[in-house]
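Chains S and L are the protein sequences, given in the same order.
Residue numbering for the first sequence follows this note's numbering, starting at 7 and increasing by one per position.
Residue numbering for the second sequence follows this note's numbering, starting at 305 and increasing by one per position.
Honestly, I wouldn't trust all of these hints.
Just a sample of chain S residues kept apart from chain L, beta carbon distances all over 12 Å, derived [said to hold, decoys possible]:
1. V21
2. T26
3. L39
4. L40
5. V60
6. Y74
7. M79
8. W94
9. L99
10. V104
11. E123
12. I132
13. G133
14. T144
15. V152
16. L167
Heads up, simulated SDA-like pairs for lysine to any residue below, C-alpha to C-alpha not over 20 Å straight-line [claimed, not checked]:
17. K169/S / P372/L
18. K429/L / A160/S
19. K429/L / L81/S
20. K429/L / F12/S
21. K170/S / H113/S
22. K169/S / K355/L
23. K355/L / G343/L
24. K169/S / L80/S
25. K169/S / N402/L
26. K170/S / Y425/L
27. K170/S / I380/L
Since the hints were derived computationally from the structure, they do not count as laboratory data.
Even for Gly, the Cβ is constructed at its ideal location relative to N, Cα and C.
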Amino acid sequence: MMEAMFIYLATVCVVCAVLTVTLRQPVYNVLSLLTLFFHVAGLYVLLNAEFLAVVQIIVYAGAILVLYLFVLMLLNVRTQSRHLHRQWPFAVLILGAVGAMLVGALHSGVWGSASGESTAAAIHEIGDTQAIGLRLYTDYLLPFEVASLVLLVAMIGAIVLTKKSLIDDHIDQIKE
Amino acid sequence: MVSREGVFVTTEFVPTDYLPVLIFFLIAGAFGGVTFLLGPLVRPHAPYREKLLPYECGAPPISDARQPFPMRYYIIAMLFVLFDIEAVFMYPWAVVFNQIGLYGLVEMILFIAVLVVGYVYAWGKGALEWD
Numbered sequence: 007m008m009e010a011m012f013i014y015l016a017t018v019c020v021v022c023a024v025l026t027v028t029l030r031q032p033v034y035n036v037l038s039l040l041t042l043f044f045h046v047a048g049l050y051v052l053l054n055a056e057f058l059a060v061v062q063i064i065v066y067a068g069a070i071l072v073l074y075l076f077v078l079m080l081l082n083v084r085t086q087s088r089h090l091h092r093q094w095p096f097a098v099l100i101l102g103a104v105g106a107m108l109v110g111a112l113h114s115g116v117w118g119s120a121s122g123e124s125t126a127a128a129i130h131e132i133g134d135t136q137a138i139g140l141r142l143y144t145d146y147l148l149p150f151e152v153a154s155l156v157l158l159v160a161m162i163g164a165i166v167l168t169k170k171s172l173i174d175d176h177i178d179q180i181k182e
Numbered sequence: 305m306v307s308r309e310g311v312f313v314t315t316e317f318v319p320t321d322y323l324p325v326l327i328f329f330l331i332a333g334a335f336g337g338v339t340f341l342l343g344p345l346v347r348p349h350a351p352y353r354e355k356l357l358p359y360e361c362g363a364p365p366i367s368d369a370r371q372p373f374p375m376r377y378y379i380i381a382m383l384f385v386l387f388d389i390e391a392v393f394m395y396p397w398a399v400v401f402n403q404i405g406l407y408g409l410v411e412m413i414l415f416i417a418v419l420v421v422g423y424v425y426a427w428g429k430g431a432l433e434w435d
């Protein structure tokens, strides 16, 4: 049952990921990305990472995808006749090499079993959200606080980049 | 098969709580599929030109649907993503709050203080105003 679910989810993930970069209609790309996000959430559920699964749906499928759609509507991207970037053979080569390395590492059993305190059994005992919380807010405090700075930079950057356009919109409205 | 060694799938802790969710998805998918396939068999089929036009509230479409949208949508979506992530960080913090205590409270206040700077900036620049 678990293996059947994994094979289904992983297959749909790969198919949707390929469709995301190869379909010609930009909106279809975004929608296949949405399917990909939902199936990745399913993979997280299989791994007993329920918190990550919910965050995957709320943040990626809920917020980031909307951002992509708005960017599409903003840029007014039309159907492209030439939809593959000319560097795609390089991309396939490099990603193929990285993929082969990953498969090789998984087969060799380097990452076969978790070690240290946060084993699957320990996380199952206290709950995955609690495990994330306890680690993040004690051992990984600095990355957490740095994350707030990254969010701040993203916020200010977005406003600075669009500020001119916002002012232009405002001037247009006053003229009308 | 790699998955038998527990690399991709752990057979140790099966998320059985999610079986109802799976059944729900199967029923929802089956309902959609059956309706979609059964519909053409039972419904009358008498198309004419006007009926096949794309419509929106009864008015005939007059221009291309792909129009550039104002920049405001982008900034609102971007701010939504950022505050969404902030709220996501608060959830595991709230779950373990009774175990990390005052230390946790101070670090979360620091986290929010940094983001309040961005919030005040966004508000001051008028990015939250629609008109």
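Okay, the hints, checked on the actual structure:
Annotated as non-interface, V21/S keeps its C-beta farther than 12 Å from every C-beta of chain L; the closest such distance is 17 Å. With a closest Cβ-Cβ approach of about 19 Å to chain L, T26/S is found to remain outside the 12 Å limit, as its non-interface label requires. No Cβ of chain L comes within 12 Å of the Cβ of L39/S; the nearest lies about 15 Å off, and the non-interface call holds. For L40/S, the shortest C-beta to C-beta distance to chain L comes to about 15 Å, beyond the 12 Å cut-off, and the non-interface label holds.
Listed as a non-interface residue, V60/S fails to keep its Cβ farther than 12 Å from every Cβ of chain L; the least gap is roughly 9 Å. Consistency note on Y74/S: stated as away from chain L, yet its beta-carbon is not over 12 Å from all of that chain's, at 9 Å minimum. Separation of M79/S from chain L is inadequate, the least Cβ-Cβ distance of about 4 Å not exceeding the 12 Å criterion. Non-interface call for W94/S relative to chain L: holds, since the shortest CB-CB distance, roughly 26 Å, exceeds 12 Å.
Every beta carbon of chain L lies more than 12 Å from that of L99/S, the smallest distance being close to 24 Å; the non-interface claim holds. Even its closest Cβ contact with chain L, about 17 Å, leaves V104/S beyond 12 Å, as expected for a residue assigned away from the interface. Once the 12 Å rule is applied to beta carbons, E123/S is consistent with being away from chain L; the minimum gap is 15 Å. Against chain L, the non-interface label of I132/S is violated: not every CB pair exceeds 12 Å, the least being about 9 Å.
A beta-carbon of chain L is positioned within 12 Å of the beta-carbon of G133/S; the least distance is around 8 Å. With a least CB separation of 6 Å from chain L, T144/S falls inside the 12 Å interface cut-off, contrary to its annotation. Once the 12 Å rule is applied to beta carbons, V152/S is inconsistent with being away from chain L; the minimum gap is 10 Å. Against chain L, the non-interface label of L167/S is violated: not every CB pair exceeds 12 Å, the least being about 9 Å.
At most 20 Å may separate the alpha-carbon atoms for a hinted pair to count; K169/S and P372/L meet this at roughly 18 Å. Simply put, K429/L and A160/S have alpha-carbon atoms about 15 Å apart, close enough for the 20 Å limit, and the pair holds. For the suggested pair K429/L and L81/S, the alpha carbons sit about 23 Å apart, so the restraint of at most 20 Å is broken. With a CA separation close to 47 Å, the supplied pair K429/L and F12/S exceeds the 20 Å bound.
Note on K170/S and H113/S: the hinted pairing is violated, with a Cα-Cα distance of about 53 Å set against a maximum of 20 Å. Proximity of K169/S to K355/L is assessed by CA-CA distance (about 45 Å); at most 20 Å being required, the pair is judged violated. With a C-alpha separation of about 18 Å, the suggested pairing of K355/L with G343/L holds against the 20 Å cut-off. Proximity of K169/S to L80/S is assessed by CA-CA distance (about 15 Å); at most 20 Å being required, the pair is judged to hold.
Pair hint K169/S plus N402/L does not hold up; C-alpha atoms about 42 Å apart against a cutoff of 20 Å. Between the alpha carbons of K170/S and Y425/L the distance comes to roughly 15 Å, so the proposed pair stays at or under 20 Å and holds. Of the pairs offered as hints, the one joining K170/S and I380/L holds, with about 15 Å between alpha carbons and a cut-off of 20 Å not exceeded.
Violated hints, in rising order: 5, 6, 7, 12, 13, 14, 15, 16, 19, 20, 21, 22 and 25; the structure is consistent with all others.
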